[in-house]
Structures are given as C-alpha cells and as structure tokens.
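Asker: Given chain C's structure and the hints, the job is docking chain S onto it.
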Amino acid sequence: MASIPASTPAAMPALVADHLCRRFRGVTAVADVSLHIAEGARFGIIGPNGAGKTTLFNMLSGELRPTSGRVALFGRDITTLRPYRRVALGLGRTFQITRVFGDLTVLENLTLALHGLSRTKMSLLRPWRSYRGTTGEAEELAASFGLAGRLGTPASELSHGEIRELEVLLALALKPRVLLLDEPAAGLSPAERVGISTLLRSLSAGLTLVMIEHDIDLLRGVVDSAAVLHHGSLVLEGTMRELQRDEQVRELYLGRAAPGGSS
Amino acid sequence: MTAAGGGTPAAASPAGVGTPAAAPAGRAARLALAGLERSRRLTGPVAGVAAAVILVLLLQGNGFASTLVVDILVYAVAAMSLDFMAGYAGLISLGQAGFLGVGAYGVAIAENHFFSPWAAVGIALGAVLALGLALGIVAVRTKGVSFVIITLALGQVLYGLAYQWTGLSEGDNGITLANLPSAGPFDLNDPLTLRMTVLVVFAVTVLLLLLFVHSPFGLSLRGVRSNEARLAALGYRTGLHRYLAWVIAVFFAGVAGVLYIFVNDLISPTTMAFSADGFLVVMVVLGGLGSIWGPALGAVVIVLFQQELSTYVTRWQTLMGLTLIAVVLVSPGGFWGLVRAAGRRRDALIARLRAGQPGRPGPADGPGPAPEGPPLAFEAAKPGTEPPQAP
Chain C
1 MASIPASTPA
11 AMPALVADHL
21 CRRFRGVTAV
31 ADVSLHIAEG
41 ARFGIIGPNG
51 AGKTTLFNML
61 SGELRPTSGR
71 VALFGRDITT
81 LRPYRRVALG
91 LGRTFQITRV
101 FGDLTVLENL
111 TLALHGLSRT
121 KMSLLRPWRS
131 YRGTTGEAEE
141 LAASFGLAGR
151 LGTPASELSH
161 GEIRELEVLL
171 ALALKPRVLL
181 LDEPAAGLSP
191 AERVGISTLL
201 RSLSAGLTLV
211 MIEHDIDLLR
221 GVVDSAAVLH
231 HGSLVLEGTM
241 RELQRDEQVR
251 ELYLGRAAPG
261 GSS
Chain S
1 MTAAGGGTPA
11 AASPAGVGTP
21 AAAPAGRAAR
31 LALAGLERSR
41 RLTGPVAGVA
51 AAVILVLLLQ
61 GNGFASTLVV
71 DILVYAVAAM
81 SLDFMAGYAG
91 LISLGQAGFL
101 GVGAYGVAIA
111 ENHFFSPWAA
121 VGIALGAVLA
131 LGLALGIVAV
141 RTKGVSFVII
151 TLALGQVLYG
161 LAYQWTGLSE
171 GDNGITLANL
181 PSAGPFDLND
191 PLTLRMTVLV
201 VFAVTVLLLL
211 LFVHSPFGLS
221 LRGVRSNEAR
231 LAALGYRTGL
241 HRYLAWVIAV
251 FFAGVAGVLY
261 IFVNDLISPT
271 TMAFSADGFL
281 VVMVVLGGLG
291 SIWGPALGAV
301 VIVLFQQELS
311 TYVTRWQTLM
321 GLTLIAVVLV
331 SPGGFWGLVR
341 AAGRRRDALI
351 ARLRAGQPGR
361 PGPADGPGPA
371 PEGPPLAFEA
381 AKPGTEPPQA
391 P
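Chains as they are written, first to last, in the numbering used here: chain C, 1 to 263; chain S, 1 to 391.
Certain hints may be false.
Computed Cβ-Cβ distance ranges for the label pairs, DEER-style [to be verified]:
| id | chain 1 | residue 1 | chain 2 | residue 2 | range |
| --- | --- | --- | --- | --- | --- |
| 1 | C | Gly50 | S | Ala134 | 42 to 48 Å |
| 2 | S | Pro191 | C | Leu124 | 30 to 36 Å |
| 3 | S | Leu211 | C | Val194 | 42 to 48 Å |
| 4 | C | Gly146 | S | Thr323 | 42 to 48 Å |
| 5 | S | Gly144 | C | Arg201 | 37 to 43 Å |
| 6 | S | Ala348 | C | Glu242 | 57 to 63 Å |
| 7 | S | Arg346 | C | Leu125 | 27 to 33 Å |
| 8 | S | Arg345 | C | Arg201 | 40 to 46 Å |
| 9 | S | Gly144 | C | Glu247 | 45 to 51 Å |
| 10 | S | Pro191 | C | Leu125 | 29 to 35 Å |
| 11 | C | Leu124 | S | Gln306 | 30 to 36 Å |
| 12 | S | Phe64 | C | Ile97 | 55 to 61 Å |
A short, non-exhaustive set of chain S residues, derived as facing chain C with CB atoms under 8 Å [said to hold, decoys possible]:
| id | residue |
| --- | --- |
| 13 | Arg41 |
| 14 | Pro45 |
| 15 | His214 |
| 16 | Ser220 |
| 17 | Gly223 |
| 18 | Arg237 |
It should be emphasised that the hints constitute simulated quantities derived from the structure, not laboratory data. Quick reminder that beta carbons are idealized off the backbone N, C-alpha and C, glycines included.
The following block holds chain C by itself, in its conformation from the complex (with noise of 0.2 Å):
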C-alpha cells in the first residue's frame, strides 16, 4: 500500500487549492487561496478562529462547493466531484466538530469504514461478521492505537480522547494518500495530546498530511511547513521555524508564544 517516497516533492503535487474562493451571502469567508501540497509532505494551516480553515477544508472534501476556484488531486481536477468520490480517489479527513458513528461499536465504526472503497458494502446476503479479513483487520487497526478493549463499546461511551482517535483511524481505514485533519487535538487533556501525537508520526512517510491546529507545540512535532490563513486569505506560507520568527505571524496568531525560540 506503500505510495512514491516523499523525496521527491518536485514530481506533481498531491493537492492543489488554485485561486480557491468561497462566499457565504456576500461574507467571503476564504478569499483567493492557493496551496501546492507536495506528495509525502506534512503540512500545517494555522490562523486564529473564523480564518476560513474549515471553510478550506470544506472544500477540498467536498463538502461546500467553492464560489469560484478549483482543486486537485494528484493533477486531477476534483473540484464537482461528491464527497464519497474524492474519497475513492484517496481524499481522506476527519472532522472538527468529531463525527464518528456513537450508535455503534468500536468494530463496527471500523468496519464500517474498512467496507467503504469495497463494493462489498452493497452486500446484502452476507453477515458482516463474516467478512472475516475485515473484521480482523478492524481488530488490529483498534489494537495499533490502543482501542483493541474497546471494541464491543458503543463510540458514543467512549472517552474524548478515545473517540479523537477513533476518528483518525476512521479515515485512516480507508488508506489515503492524502489525510486532511481538522484540529485532531482539539479540546484534548496533555496527556491524550501526547497520545494522539504519537499517532500522528507514526503514519507512513508516503502519506500526505494537512492538519489544521492551534496547538503550536504539537503542530511543530508533526508538521514540517504551514500556511497562515487571515481573514479568509492565505498571510504566509513557509516552514515551521520561519514562522515563528516571522513579525506579523507573531502579531496575529502566535502572539503569546516566547518570542526567538529555537526549537
């Protein structure tokens, strides 16, 4: 399942946001956006809240149509494409506001997600506990992170760390080449941060990474380079440590960050 290795960023992007507009009745919420996401590369969106993040997010998976703009994937032109069609084509994400499935078990979440590129999610006349290889897999993708006793739980009594990880591994069932994560910290205790943080640098190097994420701290340890969204418009792009040093980044996002650190 292993893609290209990473080391060769001058080859076709992986995802490409080209002059990307989105306007809500005359609010603009993302103004002009472009981003040339490398294959391999681990990428960082910063910018304080109702920058437009999830706005871009939105459209990159399909969630919200752009005004105007388009995207692509792998050089391919995604921008009409439905939700569950990028998703085919190796577009994965997780969400904000944390959507997993709280009815089901943990099984069955993984399941769930490990039929979804597989036609055998139309199959009718089968017990889903059948499917042997999928359920087995779904076991060891909750054993890698630390769900495997959690299995039979319904999603919905699971604990917030938990249900974040759930999360990731959802998207993570479906093998993307690119991973789009909209704040997979968001409302965590440290120690579940270290947790999820982990998670994150375990990924395989072909994978493309986006993560949306206000934890500067733990945005650093999995991301190389990150653009700065302001009021809707991309402010800067550039590797991690340029930004810290960077004024206006300072002044807008990372104003309370001890100024000069070198990591």
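Answerer: Same frame as chain C, but now just chain S:
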C-alpha cells in the same frame, strides 16, 4: 483458574460443595446461576414453542383464533418492512400502508382484467417495485421531517387514487377477489394452505430482513441513521443506500398487500387510509424501532386491540394511545427494548454470580487474604459475553 471455573456451569458446582459454612448462601447462588444459565439456553426453545403455538392456532380450522393469527402475520410483514427503513436507515414513512394497498389492489385489478391469479401476483409485485423505484427518487431526496411529510403525501395520493379512480378501483366499495392462485395440489383457495403460505411468507420475510440488517449494507444503513455526513466521508454514496432501503421496504409492504388480499378477499381504500399508516408506525414504535422482531410483536398487540378489544371497549383507541405512552415512557426501545434489557441484566447477573461462586469458598476455608478474587473473576468473565475478542 477462577475464570476457567466460571466457564462452564457444571464446573462451578463442585468447587462450592466442600464448605458447609457457606453452603446455604452458596447453594442459593448456585441454583440461581443454574436457573439463569438454563434460561439463556432456553431462548431458542421458547421461540420454538411460540412458533408451535402459532402453527397449532393456524391448523385448528377456520376459527376466530386462526383468522386473528393470519391477520397478525400479514400486518407483521408490513410493520417489519417499515422497520427496515425507519429503524435502520432512520427513514420514518407515513405512507407504508399505501404500498400495502398497491400490492393488494394490484392483484385484484389484474384479476379483474382477466389475468390468471399467478400473473396477477407477478403484476402486483412488479407494480409495487416499479412504483417504489420511481417514487423513491423523489422521497429519498429528503430526510427527517421532510421525508415524513413527503411519504405522507405520497401515501395520500395513493389513497386518493384508490378512492376516486373508480373505473379501476371501484372506489369506496373496493374490489373483491374471486380466485386465488393454485398449482396442482397446492391451492391457495384452500384455507389451510393459505394460512400455511402466509406463515411461510412471514418466516421468509423475517429471515431475509434479519439477513439484510446484519449485512454490511445493513450496517451502512445504521451508519446513515447515526451520522450520514461521516458515512459519505468514508466513501459511501449514502443517497443510494437510503434509496435501496426504501425500495426494499416498499417491496415488502407490497408483499404484505398481496397476502392481505388473499386473506381478506377484499381491498378497499380504508386499508390505505392515513390511520392505517399511523397504525403501522405505532406497531413499529410500540414493538421497538430497529429490531425487526419488535414490530412483529407490535403487530400482535395492535391487531389484538383492533379486532379483540374493540368488541368489548368502544374507546379502544384511547386505550391504545395510553398503552403507547406507557410503553414509550418505560422503554424507549419498545417491547423489544424490554426483552433486550432483560437479557442484558441476566447476562450481568450470570457474570456476577459466576464471579462470586469460586471466590466464596476462599474466606470460609481459611480466614486469610484473597478478597480480591471476585472482582478479578468478574473482569475475566465479562468480556466473554462479547463474541469478537479474538487476539
């Protein structure tokens, strides 16, 4: 060791025998445990006995009881079809009786137009399927309250057609069916054969719907109901899944309609009236949304109310309303919710008793340590109740 001792009820008993001091309490617990274990094993036989009772009632001639059972089975098929889309995909339809009507009218109208009884059945089911496929394109575009209203409207359109398209439906009078299908010795005009056929169709419907809801497709429907947007982000074309759920549900309502006209020999617009749609929803909610078996239980209660209670109590509908309120308040999962909860409580009790048993001789034998036995054993016993625990 303790966990292994709890594994089989037979192994648990000898462990407690040697201690006279703990005997009375131990014996009571053992008896309780044995009883509970037995009740768990008895679930299958109890269902078998229930099936046998239905069979005997159906076989014992053309009495009131057998008519009642047949009516219950027909409505159970319709209620379960509604449960398939309402309880799993979250599509609560207020037009399901309309499709029951299409199935029944389909048979009657086709026979009136000189088709053979078998062909009439084929035409009726084909018509229901075609209508389901066509109307689903409209209905499934909506969800939640809009879906309820759209299906209500569709059901009323079908009702209106039955009522006013007198050239086809003979309006208010309804259509009577003269001949039922037959093939050699298998003749549905024979009441006993008909009753057995209804039972078989009911059983096949139960089996198919249970198979469907436990399939990956059934799982996807629960995903639709739980969080449709998330499911779309997992690569599911959720609209298609809802559409298929609708078509399947409508088709089985049509099957119920075919049985209905076979059993009653008459179909009239009242069968498709708004109140009939309402009764089906009540059966599903009363019995337990999302359980297939539950709505069959709901059909038992509602048909009994309609046909039995109504002969003694004029305001039987008031009683039905009060029953519905009481059940929904006590158990949001309906009758089937109560059954499930009882099963869970029993399993928990078994786990507790099993845990207590091997631990009990410990303190009596020697006044020493090891009070930590029970909780550990409990932990060990509990996961065993969930099947998927393979390493």
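Asker: Which hints from the list above does the structure break, by number from lowest to highest?
Answerer: Numbers 13 and 14, in rising order.
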